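*Asks:* Given chain A's structure and the hints, the job is docking chain B onto it.
Okay, here's what each chain looks like letter by letter:
There are 2 protein chains.
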Amino acid sequence: MAVKIGLVGTGTVGGGCIDIILAHQADFKKHYGIDIELARVCSLDRSESDAHGVGDRFTDNFNDIINDPDIDIVIELIGGTTFARTVVTNALSAGKHVVTANKALMATYGEEIMDLAKKNGREILFEASVGGGIPIIDPLKHSLIANEISTVMGIVNGTTNYMLTRMVETGMSYDDALKEAQDLGYAEFDPSADVDGHDAAAKIAILASIAFNSRVTIDDVYTEGIRNLTPTDIDAAADMGYAVKLLAIGNRTANGIDVRVHPTMIPVKHQLANVNGVMNAIYVIGDAVGETMFFGAGAGSGPAASAVMGDVLEMARHIQMGTGPLVGCTCTDDLPIMPIDEIETKYYIRFTVKDRPGVLASVARVFADNGVSLYSVVQRGQAGAEEVDLLYVTHEAKEKAIRTALAYIQELPDVLLKEPSLIRVED
Amino acid sequence: MAVKIGLVGTGTVGGGCIDIILAHQADFKKHYGIDIELARVCSLDRSESDAHGVGDRFTDNFNDIINDPDIDIVIELIGGTTFARTVVTNALSAGKHVVTANKALMATYGEEIMDLAKKNGREILFEASVGGGIPIIDPLKHSLIANEISTVMGIVNGTTNYMLTRMVETGMSYDDALKEAQDLGYAEFDPSADVDGHDAAAKIAILASIAFNSRVTIDDVYTEGIRNLTPTDIDAAADMGYAVKLLAIGNRTANGIDVRVHPTMIPVKHQLANVNGVMNAIYVIGDAVGETMFFGAGAGSGPAASAVMGDVLEMARHIQMGTGPLVGCTCTDDLPIMPIDEIETKYYIRFTVKDRPGVLASVARVFADNGVSLYSVVQRGQAGAEEVDLLYVTHEAKEKAIRTALAYIQELPDVLLKEPSLIRVED
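As they're listed, the protein sequences go chains A and B. Start counting the first sequence at 0; every next residue gets the next number (numbering that gives the first Met the number 0). Start counting the second sequence at 0; every next residue gets the next number (numbering that gives the first Met the number 0).
Hints listed in this document are in silico derivations from the structure and should not be mistaken for laboratory results. Do not rely on the hints blindly, as some may be mistaken.
One copy or any two copies: either way a pair holds, since identical chains are not told apart in the list.
[Unchecked claim] Heads up, simulated DSS-like pairs for lysine-lysine below, C-alpha to C-alpha not over 25 Å straight-line:
(1) K29 x K3
(2) K28 x K117
(3) K29 x K118
(4) K268 x K345
(5) K28 x K118
Quick caveat: nothing in here was measured; it's all calculated off a predicted structure.
With the rest of the complex left out, here is chain A (with noise of 0.2 Å):
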């Protein structure tokens, strides 16, 4: 008999399910002897459903699913924490498995969610919370755990990525970049959620989550976004052969687990420097495997309905099978969240002074007094223009260092852009 489907929301990602369901039906059960049906979809709009052909199947009552016995899995595509988060935990309480896109839900209550399946014998799916299309998070629960992985990091938000490449292929601001951007579809009117860092301060938190083996949420992410991006510092990466990307990065250390978004400049010859436009990329290190990347489509209908569809499928071969949850939550360790205070890295930060005699020296003197060394410093101008932007690479030092350096620098007399530009440099 057929695993039974209910679908809730019929937006980008729910069209592009429903069109792969009505369209490889018999492929699935042909190739992999995996028998899935559609019984019902959910959304507040008939319009949509009616265009993807769903037909008698429409329903705009969620407990219409809930409440239907027959059916085995509820895929949730609403988004949100709210409604998304009721339609969730109500089935998995009606004893529906779930799988769900929806990374905002994961990275805040995936603790309250996995507990729930668990109580229930349930399976919860959520590949395409990140990377879209992109297989992440089932390498990670699979092909990977003979690994520990010391590092996940990578580019989780197309819409920043876009943004970015732009910014260094033709020089232009950040202001013009997001009208673009908006212009084309790839970012909200509201942009916060995309260069704000919070989008990616989700997905970050997931994975970290699975490659770390303990809970990171939403809120234990220190996140920058892009706002404060110039061209001039885009253009000084160059120079000195780094690229400019938003990364996602989680490492494990001996002080807890460092997790954090901000743009970050990186070495041109690096992979994840070559990963242009909207496409995402996610690097994990493992000490058996040493370094690996998942590269693709990190947004969009196709890839994101691939990602909900393949834990569709898996799913149904377990119920089929007869089989429990294969992989249930794997937090299983306590670790600390390391705060942003003691990471150590290396900086890139650009101060705009007067061209006066002795500021150089007071400035390094502040770096040197807070026990920060400097790998590089450039001191450009314009001829017989009365101020300059001085720019420095520092060797690794703590956050906490460069901050207060930064405090006393900002208090020197000839500096004059107060908010200096601090970019985080990983080699």
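*Replies:* What follows is chain B alone, placed relative to chain A:
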């Protein structure tokens, strides 16, 4: 009760597996509830076993593993297709599950082995047979199954990729690159399996079988190696914006499966063009997911052991849960293999000719007479030299037309280099 492992072969990969088990056994239990135990290790070399702390688990008779009723999983890491075939088939017949890293075995006797596993209700996994530690077989069998895959292609031989990288970087010859690779231990004394493309052919046979749901064996793969590549051609490629890589290519076409291994020019902007040194990467295009790529170390003790142990742990998980093999043979279709004559692609061709009037015209006429349309022609010569190079790039053409044209051109009186350089171009 712990799932008991018998391991056959204590070379590089076998040693890596033993190290992982002995170091991380407790972690697997804690994080995933997977309880494995290394019960027996078979090797012809006791000192290798001793070096990894195998102790009393050592035997030099593989029947001690096959006949031990307590052993659940046999890991075959001998390589080759003779004794390894005996170990794998005997183990399956004795009711053991099997994990192997053996590409030649799976690409040659895959059907026999899959059938035997099915007959005995046992699982055979072989992630390490392609791409070392890179998860690629598992994603194709799980995460990506909602897709119809149209292309799977990649750099799956680290030795030749190292050599090509060095030839590009330094302009060195094939012979010098081979010598360097041999000195570094990347290439064997008899390098044929790598440089003639056989290793890559086995790997693309495996990938194509899974991606296209139809059996492809190593003999189905049209194979050319890198022996004839010259610095002149690599240099010409760079001038035109291409990198030269030994690609293993599988395409689903309306006329069957197009599967081949040969040096290929790819645009320097393509993700695969930036995969250098001994690294591997596999590129997959699916109808839903679009373009994805999986990157990592294609060989070595740790990476290969990561893949082998990922399979072992997954299998142990299934055994503990009492579930049968999740995925058996997926070759449910029977697609024809497309003859190499029928493929259509672009070609780079180089002749050396006497610098006389009329040569260019007569070569151009032969191409035209065979329906081959030219994209670009470059004549390269030294001032005063009597010989010049003619470099052609064609538009898409049938391989058969190209070969016919080349046969005619080789008979022209002023064509000196009787074996022209021919490199296929993928855009």
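*Asks:* Could you run down the list of hints and mark each one as holding or not?
*Replies:* To see whether the hints hold, each was checked on the structure:
1. For the identical chains of this complex, K29 and K3 are intra-copy neighbours only, at 18 Å inside a copy versus 34 Å across copies, given an alpha-carbon limit of 25 Å.
2. Proximity of K28 and K117 under a CA criterion of 25 Å is satisfied inter-copy only: 18 Å between copies versus 29 Å inside one chain copy.
3. In this assembly of identical chains, the alpha carbons of K29 and K118 lie at most 25 Å apart only when taken from different copies (19 Å versus 34 Å within one copy).
4. In this homomeric assembly, K268 and K345 come within 25 Å of each other (Cα to Cα) only inside a single copy, at 18 Å, whereas the closest approach across copies is 29 Å.
5. Taking CA atoms no more than 25 Å apart as the test, K28 paired with K118 passes between copies only; the shortest distance there is 21 Å, against 31 Å inside one copy.
This entry satisfies every hint, going by the numbered hints stated previously.
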